[in-house]
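Generate the whole structure from the sequences, applying the supplied hints.
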Amino acid sequence: MSSVASISGIRLWLIALTVLTGLGAFGVFVNSVESPSVATPATAGLESVLGATDDTGFARVSGPRDFIFPADHGPHPNFRTEWWYLTGNVESLDGSRFGYQMTIFRSATAPPDSPVAALESDLATRQYYMAHVALTDVRGGRYFPHEKFSRGAANIAGAWATPFRVWVENWRLEGQPSDACEGCMVMRTDVKTDDFTFSFGLKPVKPLTLQGDRGYSKKTVDGKNASHYFSMTRLATTGFVRINDDRYEVQGTSWFDREWSTSSLGASQVGWDWFAFQLEDGTDLMLYRMRGKDGTTDPASAGTLVDEDGQYQAISADEFTLEPLTRWKSRDTAASYPLVWRIRVPGENLVLNVKPVVDAQEHTGLFRYWEGAVRVEGTRDDQPVTGVGYVELTGYGAP
Amino acid sequence: MTQREVFVSFENVSRHFDEGGRQLTVLRDATCEIYRGEVVALLGRSGSGKSTMLNLIAGIDVCDSGRITVGEMVLDDVTETARTLFRRRELGFVFQSFNLVPTLKVGENVELPLALLKVDERERQARTRHALAEVGLEDRAQAFPESLSGGERQRVAVARALIHKPSLILADEPTGNLDDENASGVLDLLVSMSRERGATLVMATHSGDAANRVDRILRIVSGRIEPWVTENDSAGTEPTG
Amino acid sequence: MLLRAGLRELVRRRTQALLAFCGIAVGAAVVVAVDTASDSVRRGFEISSDTVNGSATHHISGRGGVVDVAVYSRLRAAGLPAVPLVTGLVTLNGDHTYRIIGIDALVDTSIRSHLGRTVDIGAFGDGGELTVTMTPGAASAAGIKVGDSINIDAAGRSTIARLVATFDPGEDVYEQGLATSVIADIALAQHVLGMKGRLSRIDLVANADDQFLRVVERLLPPGVQLLNAQSQSDAQRDMVRSLDTNLAALGLLALLIGVFLIYNTMTFSVVRRRQTIGILRAIGATRWNIASRILLEAALLGAAASATGIVLGLILAKTLTALTAQTVNDLYFETEVTAISVDGLNLAKAWILGVLATVFAAMLPAIEATRTEPRAALSRADLETRAGRWSRWALGVGVVAMFLSVLLLVVPGNLLLPAFAGLFFLIVGLALMIPLLVPSLVRLALPLIKKIGGFDALMGARYIIRSTSRTGVAVAALAVAVSATMGVAIMISSFRLSLIDWLETRLRADVYVTADSGTSLDSSFVDRVKSIEGVRNVGFGNWTSLASDAGPITVFAIATTEDGFASYVRADESLKDRFTQFGNDNVVYISEPFAHRRQLQEGDRLALPTDAGELRFLVAGVYKDYRSDRGIVLMSRATWLRQFNDPAINAVGVVLDDPSQSTRIKDEIAQLPSDSAAFEVIANHEIREASIKIFDRTFAVTNVLRLLAVIVAGIGIVSALMALQFERSRDFAVLRAVGLTPGQVAKIASVETLCMGIASGLFAVPLGILTAWILVHVVNRRSFGWTMDFHVDPVLILQGIALAVGAALAAGILPTLRVVRQTPSASLRNE
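So the sequence lines, in the order shown, correspond to chains A, B and C.
The first sequence maps to residues 1 to 399 in the numbering used here.
The second sequence maps to residues 1001 to 1241 in the numbering used here.
The third sequence maps to residues 2001 to 2831 in the numbering used here.
Heads up, a few of these hints could be off.
Covered by chain C, according to a simulated footprint, are these stretches of chain A (three or more residues, beta-carbon under 8 Å) [unchecked claim]:
1) 117-124
2) 143-154
With a cut-off of at most 16 Å between alpha-carbon atoms, the simulated EDC-like pairs for lysine to aspartate or glutamate come out as follows [claimed, not checked]:
3) 2576(C) / 2562(C)
4) 2451(C) / 1121(B)
5) 2318(C) / 2039(C)
6) 2318(C) / 2343(C)
7) 203(A) / 179(A)
8) 329(A) / 359(A)
9) 2196(C) / 120(A)
10) 2450(C) / 1121(B)
11) 203(A) / 174(A)
Hints in this document: simulated from the structure, not taken from any laboratory.
Using N, Cα and C, we set each Cβ at its ideal position, and we do this for glycine too.
What follows is the structure, encoded as structure tokens:
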């Protein structure tokens, strides 16, 4: 997935930790959930959150490196943050369409040499996990977000490289190496919530996309903030979705992002808009815009275009435009999100109109943002083109 | 009655009581003399101070001012113990009611003064029997006072008052609670027995009946003790030598 | 207007009224204090358990009050909303015993939201620093400031953590519940308590019919149980109920004696006013006018005195609460009682009780007053005749009461209320008979009294007979008070002797080794102890608890010799067979309290959750044990290992060749290496002393209440004697007129009081022994299931009599002084 998604992940996760660890902040936060009118530290805090983080003792990302598989699918515990980010669009034979999200974040709260590590306790750990899952039922117009938090101890949550397994309780992502390409994996994910169950097999149809410079993704121009980052942009997805007693055999495509870092964010953004599409012609497109405090688009905004064969090229901030068309106001949070967009990539002669499959795809748990399945249609080289994708919008109104 | 020895004398005796915050003067500069062997009736309205006067003579009350002498003894000058011993030896007291100690049998009540004087047991019993016989109640010695009639109780009281041959007998309305017949009997007994023993008897009373049997009548009017002088016996009541 | 006259009367007789006032007030105060104390302790328990339990409806717990972390992982991995808890006692900075509450704030968001929402989780801290948090009150109580490093000691290890901040739990109850708690991340708590791999329990929130509870149950391994949170805390609360009832009974006793006081005052007031009442009746006041006036007077007196009593009671409650809390801590569970919980309803109850008791006590005098004929005052003789009738009536009631009492006591069962009711009826029954017996007793002694004391003594003694209506009741009241204190004292001394005796039998070893809670010794340690020179024999075992829906079951699995086993059973020819059966079969022996609580007897079956599921063990016997009033299940180590597969050892008893060597060997054992456990070595006599100390502390409350009962009784006797001597004043005046010295009159009064005291003492002896017998054999058995040897210490009997005589004499001083000081004519003038 894109670096914007990564940024969103970092941001959410850091806020989560700050909120949980900052004395009293947790209380304030819970209060804010109870009554949205209370000022929350979460929105106020991007800068302070980042500024407050002391990274002493953690490993740092300082330049490109060679990825080693399967080890790099597993956790990198000496870096502060890491995530496994899976989204996709699937459809049943009878035409029922669904969007899904299955994302697991890891965060280390202390460097490796902290006294916590020396505690005689099987619940002692530096590693904490957060999982966000969601299912969008397009025909029913329904959206079910869920979240779990857990310490990475006692096998309740964790991440292994071999066999590949990342899980929070009974939400799992597992995989085994595939010979299809370097570092490729065949994966499956199983998620069960009170609202839905899904289980998908995921098979890469393109090689890995290494983001930025061979997977070294600079987040600020000076390179002080950067991450290791690669993606599987197109995974053939088959499996089933169950909502209540209705079971749907489905297939579709998914997008998988892997990223880890210790410090990866500049401090001047209020939010971002992230887009990832899989077009019917075999092209995968990812774009993101980072919105500065003054409403401008940050020069760090960028994108990647992956062709049918998996060849990819970067798109810089001045090579695309994002035009919000209609806004949708959340009844839960009063945030107003631009949900319909017109996107132009002149260099590719590409124009795409983006529409959510369901308007209400807002995560309303501990962290609030819009992350939802979309359909796109437009033209490429004046030929009609359609596709599916996921959009993430953060920093609109309440967090 | 040739010897007119003064036995009891009141000189300017005053006695006040606090009655609900108000001072009530019962005796005011009262003065009188009572001679040894005399039988005196004390008249006066209710609350006039008859009982107070008797109590003062008995030394169970003390005056606020003035001087009371009984025999050789100035009551105010002696100790409580001396007064008690004086009562024990020289005094017999008969009250209107509640004379008898309810926890003592009739015989024991009569015997009490002797017991206090530590008279020998055998003599005590003999004298008690005799005293009860004198008042006609020798067969009730073992009864408790409550089983006696009012008249009988007062007779027991008389017997007790006289058993130790006191020189002074004080009687406070001894017949006040009795019917006429019983009253007369008790009065006769009291006066005659006092005279027999030559004891001085001071008796507070309402009864005109009583007044007829005495040597002299005193009366308390407005806190003062005055001799009672009537037309017919003004001379007779004034003892003459 | 009638009332005004009555109140004036009370004002006039203010000493009398004041005494009655004090009596009622102290009575009400005791009731309030007892109520408040047990309420506060109960509330303290509820608050502290609520604070830890939060909104959990179910607990998952296993053997020894712990559950394996793997169970938690398994539940979580199945996506079940299980919430872990690690809690235990720690010492802060070597000085303050606090409860550490280890939670996982990430998942503990709803059950303990009062902690989770505010807590700074230690392990989360910057740089992984170890941190804890507390309420501001808890911090300052331990003398800790934010930012301070704290030494946290438990399980033989010391951990340093920083108080990173304080937090406000939002509600007062939680503030109270956390007054001696320190909150930490669950991992830190595990570390501090040496509970790696184990949790105190796992909490769930569910409706009873929630499907997921079935799922949970299926996931639990043997020996781990899903328990209803409510029934767990009910079971704990039930344990304190007996204690509550016992305290309440003592409180009511104080009130009962207060009632006597009121009776006395009101009767006296009626007697004094007989003439007035006669006049009132003559001018047309109805009987009801008179009675209602007296009752109203009583009600007003009762109302004012009870109100005062409530205030006194609240003051007293502080002491009583502390004592009760201490007992509960010693005997049952750790509880934090930092505040006295004042329940308006309780106060109202005590107040109404006080007023009703006063009115009730005034009923008899009120009825007596209505009998007064308009024409005249009754004579003393008539009054006594009437009193005679009353006392015959009282005798009848007394016989009925005693009959009832016997019925109540004989009826089998374990209910405490009938036992106390029986005891109450017995006391009331006997007390009602005492007035009838008093004259006969004194009459018997009259010749002797006359011989020793002479005329005046005789008079004094006869006064008792003469006014039985007054003296009889006073003697009865004093006898009841003295018998109650004597009975309780005999019970306590019987208990104490039984305890000492039992300690003697049970503590056969010279030195004991106990592992700190949560840690375990192993067999190699036992071997090392065995090899110490001078050690003759070593027995060992494991204390643990099994979870059950009726609360935890304490199990003691022992490896012992036939000789050691003999202390649990009657030593007869079956001993050998029994010992063989003990080792080989699935049998258990249960302690008396356990048998009592579970209604089990020899030959019954007891189901225990073993590793292979529930197994029904044969109860092979019931043994005497004062260790725990919730009871103990004893089984052989062989049986334990067969069914439970848990080799832990946490108790070792060491028999020495020469007991005088215990100090040396104690030191040697203390130096032995132990891989897994922190342990303590204690000499036989230390256990004995500690046990007796706890025992004595337990009865501290009882002693306070006993003292109060005697104080109320003392006030009653003073009041009664003053009333009596007041009635005597005219007689005394006559005596003074006849020539008795004040000293002689005082002697009469004193002989009367002395005789009353002696009579009370004598009556108190059988009554006290009977009370003790019932306390020992009925009340204690039903409260705790304990049997004990009944032992009547003659010293206690003599103390009781001395108390009665002393109380009477002391009570007689004031009235006697009055008699002596009063000018006789004043009494006569009252005519």
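Here's how the hints hold up against the structure:
no., hint, verdict
1, 117-124, "holds (count 7)"
2, 143-154, "holds (count 5)"
3, 2576(C) / 2562(C), "7 Å, holds"
4, 2451(C) / 1121(B), "13 Å, holds"
5, 2318(C) / 2039(C), "12 Å, holds"
6, 2318(C) / 2343(C), "14 Å, holds"
7, 203(A) / 179(A), "11 Å, holds"
8, 329(A) / 359(A), "9 Å, holds"
9, 2196(C) / 120(A), "6 Å, holds"
10, 2450(C) / 1121(B), "13 Å, holds"
11, 203(A) / 174(A), "12 Å, holds"
In terms of the numbered hints stated before, the structure departs from none.
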